[in-house]
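Undergrad: Single-letter residue listing:
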Amino acid sequence: MISDGIEDEEKWLAAAIAGLQQNAFYMHRALDSNNLRDALKYSAQMLSELRTSRLSPHKYYELYMRAFDELRKLEMFFKEEARRGCSIIDLYELVQHAGNILPRLYLLCTVGSVYIKSKEAPAKDILKDLVEMCRGIQHPVRGLFLRSYLSQISRDKLPDIGSEYEGDADTVMDAVEFVLQNFTEMNKLWVRMQYQGPSREKERREKERSELRDLVGKNLHVLSQVEGVDLDMYRDTVLPRVLEQVVNCKDDLAQYYLMDCIIQVFPDEYHLQTLETLLGACPLLQPSVDIKTVLSRLMERLSNYAASSAEVLPEFLQVEAFAKLNNAIGKVIEAQVDMPIAGAVTLYSSLLTFTLHVHPDRLDYVDQILGACVKKLSGKGKLDDSKATKQIVALLSAPLEKYNDIETVLKLSNYPCAMEHLDNGTNKVMAGVIIESIMKNRTRISTADKVEALFELIKGLIKDLDVDLHDEVDEEDFKEEQNSVARLIQMLYNDDPEEMLKIVCTVRKHILAGGPKRLPFTVPPLIFNALKLVRRLQGQEENAAGKEGVATPKKIFQLLNQTIEALAIVPVPELSLRLYLECAEAANDSDLEPVAYEFFTQAYILYEEEISDSRAQVTAIHLIIGTLQRMHVFGVENRDTLTHKATGYSAKLLKKPDQCRAVYACSHLFWVDDNDNIKDGERVLLCLKRALRIANAAQQMATAARGSSKLVVLFIEILSKYLYFFEKGNSEITVAAIQGLIELITTEMQSDNMTSDPAADAFLASTLRYIQFQKQKGGAMGEKYEPIKA
Amino acid sequence: MASRRRMLLKVIILGDSGVGKTSLMNQYVNRKFSNQYKATIGADFLTKEVQFEDRLFTLQIWDTAGQERFQSLGVAFYRGADCCVLVYDVNVMKSFDNLNNWREEFLIQASPSDPENFPFVVLGNKIDVDSGNSRVVSEKKARAWCASKGNIPYFETSAKEGFNVDAAFQCIAKNALKNEPEEEL
Ligand SMILES: Nc1nc2c(ncn2[C@@H]2O[C@H](COP(=O)(O)OP(=O)(O)O)[C@@H](O)[C@H]2O)c(=O)[nH]1
Ligand SMILES: [Mg+2]
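Sequence lines, in order, name chains A and B.
Numbering follows my numbering, with no gaps: position 86 of the first sequence is 86.
Numbering follows my numbering, with no gaps: position 48 of the second sequence is 48.
Just chain B, with the same shape it has in the complex (with noise of 0.2 Å):
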């Protein structure tokens, strides 16, 4: 039963609208990238096959609405997490300012056992806009956060380009793979 249970690794994506949680998902899951902007409403997962060490998984991605006005049911999904994705947008400073929030809500939220140690993924997305000319949150911003919130792995991403995404995601599996699984009550 543990076997099978581990078998299934649950991620949680969260972050402000815009940021582009969904496109790094599908750029994930679907090598698909639209510049068109759609809204998600409520949480939706995809699920991806992923090989590690021998073994087969089933990454269980979640990507969530970010706005508050389409997850009327709340979160109830952040149950069983095994990793949270923070996604900011490096061009706009407030989808970093507000990682804190969307941790915080999480820790909160999905109250795992050790919060301490839950496993984190911070990713640094839209690298690729106007040559990163536009760009408002440096790297070295960047990584201090996340040094600072207990050496959370940072990735800069570009979803549109597909650039760090695999290897963004592996080390969510990888670190997904080392949280371990809450004891049911």
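So that you can see chain A by itself, here it is in the shape it has in the complex (with noise of 0.2 Å):
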């Protein structure tokens, strides 16, 4: 049926182009023979084809436009007339006798363009006397094509101040007077429209009037362009006109289309001055208006205004823009009671938006926007409704964006509450928008309070908001969530060490309640933040220790002693193993050889209760070697207990190769170059016999099981360590226990039941290069290598 429908008009307009097409052939050629009266008769006949009344008015436009661009040939045709010396006034006379109404006003029209430009008599007459003819045609669509024909026609032709028709009996009011009552036919006829055929065809009559409104909507925009209409006339004239209009039409497609032009086609300087009667007029639309998208509008509007200069703000707070603003907001969302949530909270968006271009200084208006939208959500919970949801984070983005600064944000009371009202997906994004800003704007948050506030808005992001609710997260983006979180922890920071001492704490507080799942990402860049803290610390004297809330290197490492064994519940040997060995470090630079010896002991317990993995083993041993070697501040007794125990974990390492690899790598817990006292030749030289042993027995086990050559690699590694010992000065390693080595090596790589192992060959080579480089080089160094052979 309604393709049909569809293809009739096509079909119609066809028909009609055709009709309008062939007369327009006519018109020509009486145009080029200068036969006026048939000029006339053809043109009228053309002319015919607009008094339809099947076409939508798309395909009506279409038509109409077709008749326009013919109408200016005749127009032409009339100019050259006049200037032939037919008068102008017998033309405007003649064409009124055309026989149907429409075609002959729209001839009018188009001599009375001709007859204005003339002016052979006072523009305001000729308009005042078209428009009043236009009155001839009350159906709705032909009307108001006429008379934005009208209006096409005199746009060029007002007498405005400054353009050639304005004179003494033609002023810039007459212009207006007349825009003004072409307007007000046309809105009447638009709206008319509506209560015109069967009320089944109200959906298709509705989107045929919408697709008319820019016909209305056009005469405001004449209006703006006309240069005499100022300020004042603006305001005592041209507004007041417009809105009565507007709202006496009563009709809510008409209010709200005309507000929304009234608000784009006129300067923002304009709407600042006449802002009560503009929001005045609000209320006293339909209920049905969309106010909200109107005001909202507006505010944008202004905001960019605002933003453009910082000269024209003065004008916003004279006119007191904020307060009738949000005056008028608080009205409308009163008395429409049946607005949705995300209607009222797009308000106070807007608001909110006008505010921080307007205001920036106005904190508490800031605060007071969140408040009243505050109040509008109580007793909502947490919203579902996703419109809503993004209208509160523009809310609530707006001021962070505005002041790059969470400090200036923290201050606004009311904004944790807001955020409260977002479901717990959405205001995770918020946090992490929240700590991008921080990041982006490398805000310092100094305080203990200022963190406090902090962690409780982003704390979505630290613990789980709903314990029953087990949402599915997705992997990825918790992962991203919490190394936000953990890049935040690192970025605070304050001068002061007792300042810092409670950030650290109030952050521990926050974190400790992640659960399970958080901590691997958050404790450590508390426990190396703390650590920070604790090397600033260093130097300064034990002193004050004891005294409550001074920040002291023991009292940390206490604390972090509490925070890593948090981790057990995880569980995360490995990474607790590595944090305590971090601080145990830390420790040692701060001389606290008790407390270092403390978090030995914890990582020991570690790795013999916890890390049953042969790999991690592996890994972990290497940590604990390597931070065993760079500790200074153990006595003897301490030193060998720890010592002790590495050793003998690496000889119990799972594989041979990594045994024997963990073994002579304990042989640097014997000997520390910047330390004096640790020069245990002998225990080094045990050492890495006992790895020598242990890749013998590896090669034995290999070469039984089908033999493998890689483990060859093994022993020159040892020599390698052999080597270091030596040019150190070690004096328990030998040339002839070089020298053995050296062969036993040789004699390995070369045997049959080898295969050789381009890596090792490569290894050896550059070994003996090395050893051969040395002799070479002479002095202390090449007389202690010289008796080696290689």
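Some hints could be false.
Which bits of chain A does chain B cover? Going by a derived footprint, with three or more residues having C-beta under 8 Å, they are [claimed, not checked]:
hint, segment
1, 152–158
2, 212–220
3, 267–273
Think of the hints as simulated: they come from the structure by calculation, not from any bench.
All values reported here derive from a predicted model rather than from experimental measurement.
All C-beta atoms, glycine included, are put in the ideal place defined by N, C-alpha and C.
Quick one: dock chain against chain with the hints and give me the complex.
TA: Have a look at this one:
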């Protein structure tokens, strides 16, 4: 049915165009032969096509545009006629003889245009005449197009200020009157359309009306372009008259559209100076009008204007724009009880944007708006309306973007309350936005109170908000979230150690509530940040110890020990071990032997009880050896205990090669370069010999199990260690031992059951080259190396 | 008849809202400029007489809304255009990116008989703003785009200062004149 309608319409349009073109053809011929009578006759026939009622506005517009183009030619002809001496007044009379009213009025407007141009009569009289005569067409679509034709041809002939049509008799007031009148008539036609025809076609009619809207709105555009419409004229005449029409027409489509037009076509300065009038009209509109969009657009416009230049800001203050808008919004929200939450929040969010542009210094305004919004949301709990949620995010993001400073935002008492209304997912996103803003602006969050407030704000990322609700969280998202929290923790800083300690405690309190999934992300950055504080305190007297609230390394270490302990519930023993060792090293640097020893003990306990995977053990043991090697705080006894254990762990690793490497690494525990107390050549040698034994055993096992040449590398590695300690002056490492080892390796590598291993070959070759090089270097080192035959 | 037809040249100005279409037209036709922003509704034209090779033409310049919500009746007025002017704001990247859409939309809707050779002119407006410091589209980039679309003539203009506006419209008129009139079916 409907498609039939569309097809029919196409046919009707085609037929109308054909009729129009045919008559246009004859009209052209008449024009070319200067035959006025025929020109009028055929143009009238051509224009008769516009009498159709069968076309939708879109199609009618197509037809109209064709007629319009043809009429330009006719107009030119009239101009030429006038130039040739034909009286334009006579012409104006003559066209009125056209038999049919619609063509007649089009022709009249066309001649009228030339008439005004000729200045043989005051423009205002002709305009008045035309606008009155157009009343003859009461069919809405035809009337609207006819009047829009009138508007178009008169557009450049209005007696505007400075225009050539202005004169004693013609003032800008006449121009304004003319346009206003045409506007009023057009709006009436447009509104009346709603009440014509059967009610079952209501929907189609609304669609058609909507298509026609620009014809009506165009008049407002024309008014805005009239130079003489200054602020006074706008305030005293134009706006009241337009609003009167808007309010009185009682049609929601018209009201909504025309309010939007007024806001868009007239300049910002005018709106500011007439805010009260414009806003005053809002409550008078039909309840079904979407006032929130209208107001939002107004505020958006004014916000852009405020943002355009600081010079315009005084205008806003002078007219108390904030108070007026705030007031108007309050009234609208109050009056429209059915307004969806999203609508109300949109309004607040627009007002907030406005305020941030116009009154960036008035944090109280910002908080007030948030407060009003929170009040509106009270009792609503978490919102499940995505539109409203989006608007709240906008509301919360705006101050962040404006101030680029979370500290300012933290001062807004209503901010966290507004955030409460976001669902868990969005709450997290918002928390992420907050952290991002901090990162981007490198904001220093420098007091424990602010940290407290901030963590309260982003608690969606810090702990599970709803214990019962196990939302499906994407692993990747979760990681990203927690990584951003980690970065945030890393950034917290205060110069004052006492305050910094408070910050650490505050963060600790929050993250410990985060549960086993979050701790591995949040504990390490806290530990590292706290260790930075410890390093700052190094060298400071410990005399403050015991005093309440005073930051001492000891106190911090105690706290950190307990913090790492909390990881036990996860559990992540490897991470914990790493952190204990970090702390141990820091304690070492702070000269706190018992503390360092305690951390090592903790690490060892973990190693013994929790780390069972062989790869993890290897990594852990090397970490232990490396850290222990750097420790200088230990007395002989403690050191012996720890070293003994480390060597013991090394020898007990699952795989022989791992054992071998760990054991020879242990040799460094007995020989520390810059520490004369730790130079036990004998025990170094013991380690290396033990490593050799293990390598041998490994080699034999491998040979038994169908030979693997890879293991010869172990010997070469041990050789390197021999050379190292040899150079360092460990007298237990003799030339003979080195020589023996070289021979052993060479024989091994040449033996038949060895498949060659290029890596081992290269390694050995470069080791031998090194020996050669040291020999040739001469001096003490050269002498030392001299007896070695490579 | 053909001569009468040829005395009127129809030009359509397209581009995002706010780039200065209305201002360019007002500057060219009325030698006026206003800093105030007033949105355009629907389509609207002004005419201007131009002298060309001893002949007088009427340039019918159609200014458009650039915002869909103020173009409710569609674009039937594109029909019969002799030249299409594409305007962007040199300080707004998006307005430049959108030129292609405007061009394509015009070719689809106006369906000129020889789309390959239909005359376009591109104007990069508001070059006066902040003495060019806030500019984000370089002249080179704009010219490259114009070259890629069949050597569209390009002008850098300021409607505010009247810079290059006459020269641009002179070129627009010249190209409109070159356009072969459409034969009616
Ligand atoms: N500085 C400057 N501003 C301009 C220029 N052209 C237009 N404007 C301003 O830009 C805004 C939009 O101009 P308008 O002509 O209405 O743009 P349209 O929406 O494309 O018609 C107005 O505030 C004008 O004053 C220009 O060349 N330089
Ligand atoms: Mg405009």
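Undergrad: Confirm or reject each hint.
TA: How the hints compare with the structure:
1. 152–158: holds (count 3)
2. 212–220: That given contact holds, which follows from 7 residues of the segment 212–220 of chain A lying within Cβ reach (below 8 Å) of chain B.
3. 267–273: holds (count 3)
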